[in-house]
Amino acid sequence: MKIVLQVSGLNIWDSRNEETIVKNVSFSLKENSCLALVGESGSGKSMTCKAIMGLTRPWIRCSGRVEFNGHELLTLPKQQLRRLCGSRLCMILQDGMSAFDPSCVIGQHFRETLREHFGWTVQQADERMVESMLTVRLKNPTEFLKKYPHQLSGGMLQRAMIALALVLEPEIIIADEPTTSLDTITQFEVMEQFAALQKRTSSAIIFVSHDLGVVNRLADTVVVMKNGSVVEFGSLPEVFEQPQKEYTRYLVSSRQALGMRFRQVLGGNEPC
Amino acid sequence: MRNYVAKRIFAAVPLFFIISFCSFVLINLSPTDPAVAALRANDVPVITEELVEQTRAQLGLDQPLLIRYGKWLSGCLQLNFGQSYVKKISVSSLILPAFLNTLKLVTVTSVTIILLSTIFGVFCALREGSKADKGIRGILFVFTSMPSYWIGPLMIWFFAVQLNILPTSGIGNASHYILPVIVMSFSYIGFYFRLIRNSMIRNSGENYVLYEKASGLPDRLVNRHILRNSLQTAISGFCMAIPGMLAGTVVVENVFAWPGIGRLCVSAIFDRDLPVIQAYIIIVAAFFILFNLIADLISAAINPKQREG
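Protein chains in written order, with the working numbering: chain D, 1 to 272; chain P, 1 to 309.
Everything labelled a hint here was simulated from the structure, so no lab data went into it.
There may be inaccurate statements among the hints.
Listed below are the simulated DSS-like cross-link pairs for lysine-lysine, each with C-alpha atoms no more than 27 Å apart in a straight line [unchecked claim]: (1) K7/P <-> K147/D; (2) K134/P <-> K78/D; (3) K305/P <-> K146/D.
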């Protein structure tokens with residue numbers, strides 16, 4: 001399979017206090033696959049994703065190589081990188097409630113994005129969004145477009161972001177903890193949409209999560225991160241069943257222990 | 001939105017009555033007997049008890065407070081604020097032209113403040129931490145700290161006397177506005193530009209900005225979204241500053257001999273010319289209520305959450 005994204009020796013540091021945030025991170029993302037970035041909060045997962053898309057704050061500096069289909073993203077001129085963002089590299093954020101401009105209706109973000117990349121009129125953009133929102137099971141999409149973020153729930157907004165990604169059909173979708181701020185049922189629904197998204201488009205997905213259950217369901221490859229470095233990188237069965245490093249074993253076993261407890265409470269025998 | 005507007009306008013009416021009543025009662029509680037004040041103002045040499053009684057009846061001061069308030073308020077609503085004790089002419093013919101002069105000055109100043117603080121605020125926010133940002137912040141800080149009674153005469157000396165390019169004082173053509181407007185805006189720009197700058201910097205770290213950038217929106221559009229969300233605090237603050245300027249331009253008006261309401265009111269206070277003072281209070285109060293309403297309506301137009309609350 002072709003490699004769409006190759007990150008090699010990525011270092012990220014804060015130029016204000018010279019503090020290292022991410023150290024020598026390397027991994028590769030294959031076409032049409034799902035890579036999970038796993039680790040506790042503060043391990044540099046989100047920062048890695050932001051650096052790939054050039055979305056870090058001005059005082060954050062990066063070195064290393066991020067190759068995307070022949071483009072070197074870290075040194076690409078800002079204008080060119082911006083054109084790739086959205087159309088070929090798409091991001092889905094953790095908290096749907098804060099991901100949209102609170103003073104504008106949701107439709108505005110979609111219209112502006114689609115006009116920017118495809119030059120669509122408001123009507124064209126709305127038509128395609130309504131279609132796409134129906135496929136992620138959002139009810140009354142026409143009404144939805146006229147709502148403000150605070151009038152909707154986190155799960156709905158999360159699905160709206162997925163719907164936009166479906167229309168944009170990017171080569172890579174980066175999902176930064178998309179299920180963390182949701183309740184269990186909504187989490188399940190959003191997960192299902194991600195699984196469907198993978199099937200429907202040929203996009204490769206980078207899925208940031210600390211929930212190993214979610215990772216188990218979606219990922220083909222896993223990158224385990226700790227304190228800004230990669231601890232382990234391999235296919236899902238390799239990492240989950242034969243973890244090489246102490247830290248990965250700890251992560252997997254704590255997850256299993258939680259699962260055991262869950263089974264005891266429910267009194268069932270379903271593996272978790 | 002329509003409901004919100006109706007609700008706010010409806011709430012402003014009782015507020016106006018409460019303020020007018022308080023100001024009327026407070027003025028009447030002052031230790032100076034209005035009748036004595038009126039006699040003094042007319043340089044009556046010997047003020048006898050009899051004369052005071054007579055004046056009191058003449059001015060209608062012997063009636064109960066509530067009746068006097070009712071008469072005064074109904075007069076005010078028709079822009080009839082009674083007779084000045086000192087000048088013996090109607091208060092409205094004194095106060096309305098002066099008020100219009102102040103209004104003109106404040107309007108020009110407000111537009112200047114809004115334009116310059118937005119321009120500087122956006123400029124500095126986009127270049128946070130750069131030399132330009134630090135320089136502008138420093139210069140505006142210095143200007144804001146200069147009191148207008150000091151910088152005013154200084155500018156008159158430099159521009160009107162030394163360079164002789166601007167008039168020293170008074171009201172006339174457009175050039176008369178330049179110095180007072182600069183002096184008045186100095187004290188406000190430093191404040192509002194900082195509000196806009198800091199609020200934009202805070203907003204640019206928000207998630208929605210990250211998502212807009214990740215969606216590939218051009219900087220021009222992203223910055224417009226940031227500005228829209230940042231203006232709110234500045235707008236509410238600024239709408240309260242406008243009536244404040246209308247009420248308190250005394251210093252600038254005196255320095256530049258601007259025949260405005262501030263000067264009129266100060267001389268009325270010295271003369272104990274109660275009808276003028278009362279008219280001043282009620283006009284300024286009405287403008288405070290009006291601008292409070294405007295601030296609410298503008299922020300409701302920007303912030304959809306407020307419309308529902």
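Here is what the structure says about each hint:
Proposed proximity of K7/P and K147/D is supported: the alpha carbons are some 23 Å apart, at most 27 Å. Proposed proximity of K134/P and K78/D is supported: the alpha carbons are some 25 Å apart, at most 27 Å. The suggested pairing of K305/P with K146/D holds, with an alpha-carbon distance near 14 Å, which does not exceed 27 Å.
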